[in-house]
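Novice: Here are the chains, one letter per residue:
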Amino acid sequence: MLNLRKIILFSAFLVPLLLPAQQKPNMDNYQPPQSNGPLPPNFLISTVDKYEQDRQKIQQNQDKKMQKAEDDFYLQTNYSVDQMCFSGEVLVNDTMGQYVNRVADTLLWNDKETRKNISFYILRSPIVNAFTTDQGIIFVTVGLLTRLDNEAELAFVLGHEITHYKHHHVYIGYVEGVKMQQGMGQYEATTFENRYLKRHRYARSQESQADDEGFDMMVAAGYDPHAAIKAFDILALADYPFSDTTFNKSFFETNYLIFPSKYQPDTVKGIRPDNEDEDDDLATHPSTYKRRKAIIHKFNKLQDTTGALFKVSESMFWRVKAIARFEECSEHSQDQEFSEAMYSDYVMQSSYPDNYYLEKEMVRAMYASVIEKNKTLNLDDLMALFQSLFIIGGPDDRPVGEQGRLKGFVSKADATGWNIAALHYAWDVHKKYPDDPDISYWCTGLFRELTLKNKVRIGEFEKNDTEFVHFGNRILKDTAIVNHSKIATPAERYQLALDHMSKDSIDTYHYWQFAFIDDLKDSAFVAQFKEATVWADSVHLQDSLWYMQSTRAQDKSKGEIESDLSGPQGITKLVAVNPVYIAYIDHGDDGDQEVDVRNSLDGHSLLVDEMKKDAKMFNLDLTLLDESGLDTSSVDRFNDLSVASQWFAQRDNYTDHQVLPYSQEKMKALAQKYGTPYFMWSAYITYKGKRRGNLWRALSFLVTPLAPHIAYRMLTPHEDVYYIAIIYDVNTGYPVFVQKTQMSNQHENKSRLRLHVFDLFHQITEPKKKKK
Amino acid sequence: MKKAALIFASVLAFHFANAGPHGGYIGHRIILAGEGAYSPFFTSVKDFYTKYNFQYGGNLNVIVARRTQVGVFYNMWSLGGNQAFQSNMGKNDRVNGTQYGLVVRNFRAGRGGLAPIGKFWDVSMSYASNTYKAGSDNKDILGGTPENVPVSSNQILAHVAFGTQMVFWNHFVGNTGVRFGGPIYTIDKNNGGYKNFFAQRIAYKEFFSVFFGIGFLI
Chain A
1 MLNLRKIILF
11 SAFLVPLLLP
21 AQQKPNMDNY
31 QPPQSNGPLP
41 PNFLISTVDK
51 YEQDRQKIQQ
61 NQDKKMQKAE
71 DDFYLQTNYS
81 VDQMCFSGEV
91 LVNDTMGQYV
101 NRVADTLLWN
111 DKETRKNISF
121 YILRSPIVNA
131 FTTDQGIIFV
141 TVGLLTRLDN
151 EAELAFVLGH
161 EITHYKHHHV
171 YIGYVEGVKM
181 QQGMGQYEAT
191 TFENRYLKRH
201 RYARSQESQA
211 DDEGFDMMVA
221 AGYDPHAAIK
231 AFDILALADY
241 PFSDTTFNKS
251 FFETNYLIFP
261 SKYQPDTVKG
271 IRPDNEDEDD
281 DLATHPSTYK
291 RRKAIIHKFN
301 KLQDTTGALF
311 KVSESMFWRV
321 KAIARFEECS
331 EHSQDQEFSE
341 AMYSDYVMQS
351 SYPDNYYLEK
361 EMVRAMYASV
371 IEKNKTLNLD
381 DLMALFQSLF
391 IIGGPDDRPV
401 GEQGRLKGFV
411 SKADATGWNI
421 AALHYAWDVH
431 KKYPDDPDIS
441 YWCTGLFREL
451 TLKNKVRIGE
461 FEKNDTEFVH
471 FGNRILKDTA
481 IVNHSKIATP
491 AERYQLALDH
501 MSKDSIDTYH
511 YWQFAFIDDL
521 KDSAFVAQFK
531 EATVWADSVH
541 LQDSLWYMQS
551 TRAQDKSKGE
561 IESDLSGPQG
571 ITKLVAVNPV
581 YIAYIDHGDD
591 GDQEVDVRNS
601 LDGHSLLVDE
611 MKKDAKMFNL
621 DLTLLDESGL
631 DTSSVDRFND
641 LSVASQWFAQ
651 RDNYTDHQVL
661 PYSQEKMKAL
671 AQKYGTPYFM
681 WSAYITYKGK
691 RRGNLWRALS
701 FLVTPLAPHI
711 AYRMLTPHED
721 VYYIAIIYDV
731 NTGYPVFVQK
741 TQMSNQHENK
751 SRLRLHVFDL
761 FHQITEPKKK
771 KK
Chain W
1001 MKKAALIFAS
1011 VLAFHFANAG
1021 PHGGYIGHRI
1031 ILAGEGAYSP
1041 FFTSVKDFYT
1051 KYNFQYGGNL
1061 NVIVARRTQV
1071 GVFYNMWSLG
1081 GNQAFQSNMG
1091 KNDRVNGTQY
1101 GLVVRNFRAG
1111 RGGLAPIGKF
1121 WDVSMSYASN
1131 TYKAGSDNKD
1141 ILGGTPENVP
1151 VSSNQILAHV
1161 AFGTQMVFWN
1171 HFVGNTGVRF
1181 GGPIYTIDKN
1191 NGGYKNFFAQ
1201 RIAYKEFFSV
1211 FFGIGFLI
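Protein chains in written order, with the numbering used here: chain A, 1 to 772; chain W, 1001 to 1218.
One thing to keep in mind: the hints can contain errors.
According to the in silico footprint, chain W covers these stretches of chain A (three or more CB under 8 Å from chain W) [said to hold, decoys possible]: (1) 731–743; (2) 750–763.
Reference excerpt, derived from the structure (chain W facing chain A, CB under 7 Å, subset only) [what the hints assert, rightly or not]: (3) G1112; (4) L1114; (5) V1167.
Source of the hints: derived by calculation from the structure; they are not laboratory data.
None of the values given here were measured: they were computed from a predicted structure.
Glycine is no exception: its CB is placed at the ideal position from the N, C-alpha and C atoms.
Start from the sequences and build out the full structure, keeping to the hints where you can.
Specialist: So, in structure tokens, the structure goes:
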């Protein structure tokens, strides 16, 4: 065991030495990836048609339960895959996807039949993952591509996933799960715990088989087998960022804005792989240690351990990796992980300084984190509260890695100081790229956050350099700790002065008051600051009203939330983005919910039909931006759907009065393209579950005159229905119409859906009433 | 009653003249329905025991706003008589009632209601007339004093109801709920005596009922 550990350790350190030097592609004119070329057939066939095709494969001569299980499998997998494909997160035929497909071509050079049935797509996610579907679609995440060191590692991962597909592991896994649940086949006559263990043992055997054959596949294709061993490092470090570059708060500082040193954690824990040799009895995958050990075992049996690290293209690999890392900065922001976004950006800026895209993404992430920090009770505060209440002094609560250091810094920095740092950074970037409307827009947002939330006025910054120098000198003189004349720069003296102030003093002292000494010489900066102040003074009342409105909305938990955003809108042209209909089944106390796919598909079909019909009735020019009606040449529409879906996902996170911390420009372009600024997000969701409290009902049945009603209640399931429709003017980013209806304990049926869609279209097309 | 119907028709005509082709259930705004109501308690009419108090009738409703429908209704009932202590009623006696009224039904925004679907509450005002029809075994009739038997007892009623209404297959409307209320004003003025006493005995005294309705969207 010890020897093997040494080999593993050795291989982990040796292989990087064998790696070629990283290339640094030119990313000056980087544009975020988008889908290209003809849309593949997977995107053109409806879920129902795919399901109908697949169910022809079900063998009729087998047990009825198994027939049903297979039928459910084809329905659920086709539905899930299509939901994923049209979520806006999938890239088709982009640079990363093209490269991955070419590596797959190399791997399957002698198996054209399998290659024909498999397609690889990139999933916009920072999570390190790749996964296979029974339909032959294999998703590779952006997060995985950021971690790779060479093409051979990718080849091993793809070989692993291809093996899953070739052996129908997804399908078999599902069927085995059903057998286990029902105690059939090998799971007969044993306890549930044993069945569970057996099922997971079986899943682990599938993973081992995928590793085994994936390794053979990459070796057969001529790739360097060392890379397979190294690939497990990616797995072991998957929860950490793609780099552990040292973070220093000076990145966010200037000559006149210096944060107290206590804001930055002194020490951090080093990044260590997760426990590779963990007990995997209850896991679907063998432990990383066992997997690596098995591959080393195979490796040792090889006659020839040489091979190529790159076969398709080394330069293309480095370009793809750089794209993935650029993209990850944005993905973290999209997922509301702003510290992670800033750290990825920080790391990339060390390789690509003055890069337009990275600087812009940094402004975006900083602005978003300012909004988060300025909330009355933000997530960091909640976590700190939770830890103080329930976690009593862990042995080592230092942050992990350099990303942890940045996170710790942002968390400890006070809201005003952080807002000022973000504004200063954003203003610098704005001056470099004055024509970028997004950066300019975010600067406005940062000014507004500073004046409205942090209540800071321009007068507090009207300082000069002499005062700055004097302050540092005075404190040092007062404390008499060091001879200040020996400290080289005023900034260093100021830092030292801050660090020698008492905790109470530092908490009340406005260390940021000199931050804008240079910026205040810029008349545009002053003008915007003053403009934001006027705005902040004028919205205090509106803000309070908004707060009350929001409180009212929360209190009124049932039913439609009435507000100024309901009622006639006089809209004549509308784009409905991916209308959603989902029927959930609630399985009970454990909160386990499952999508009722059949009802969801039926409901969605009805919803779309009604929308089309009602649009015609109300003379509404409606464009449905969804998966329907696509053909091979519809890639632009597919990209539009992606832009709009991501925009809506972001929009939902912010309240109305804020400048939104994501790009408005893409949506404005869509508004121009579709001839209307009105884009609608709508969702119709039902939850059906067991009715609780039937015992009391049964008792009241005996004494109450409402017997028929009670009997009806007892015989029907509990159901909650939610209808949501929000229309945004995407030019401003603000909603113009909001309809949220919650119907608790009421049954969904077609008539109710029809009426609500009809009413919605009635409302939005009805001419606005003139205000008296 | 004719006057009331005329006023209601005028209101409808005005409404249709001023409204676009919208509203209601995907454009349908008139509901013609039948309704049955039963009293879950078996002793609803004092001293005049009913075997099962059941009312039935029809109504015409129009959806006039996003969450409101108004309508006219007509109900009738026929209660079987029974001998009670010292009663001079015969077991074959009946009280036949009719009721005309106006109802305003409001679909509850707080529960996601939109006319004509969802949880609702309604208020109704109506005129009810109970007519006594003596059976062949009636003592008064037999005793030769038919003048003691009043022809009818007429009252103004007010009710409030809570229920739920659904549409099925685009054209059928179903509803159910509970209704509370009763007479608020008695029109007949019998100056005391036996006649007055008798009128009170046959007067409308249904305070709580459960109703079911089935109708068509037009």
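Novice: Where does the structure disagree with the numbered hints, that is, which hint numbers, in rising order?
Specialist: Those not satisfied: there are none.
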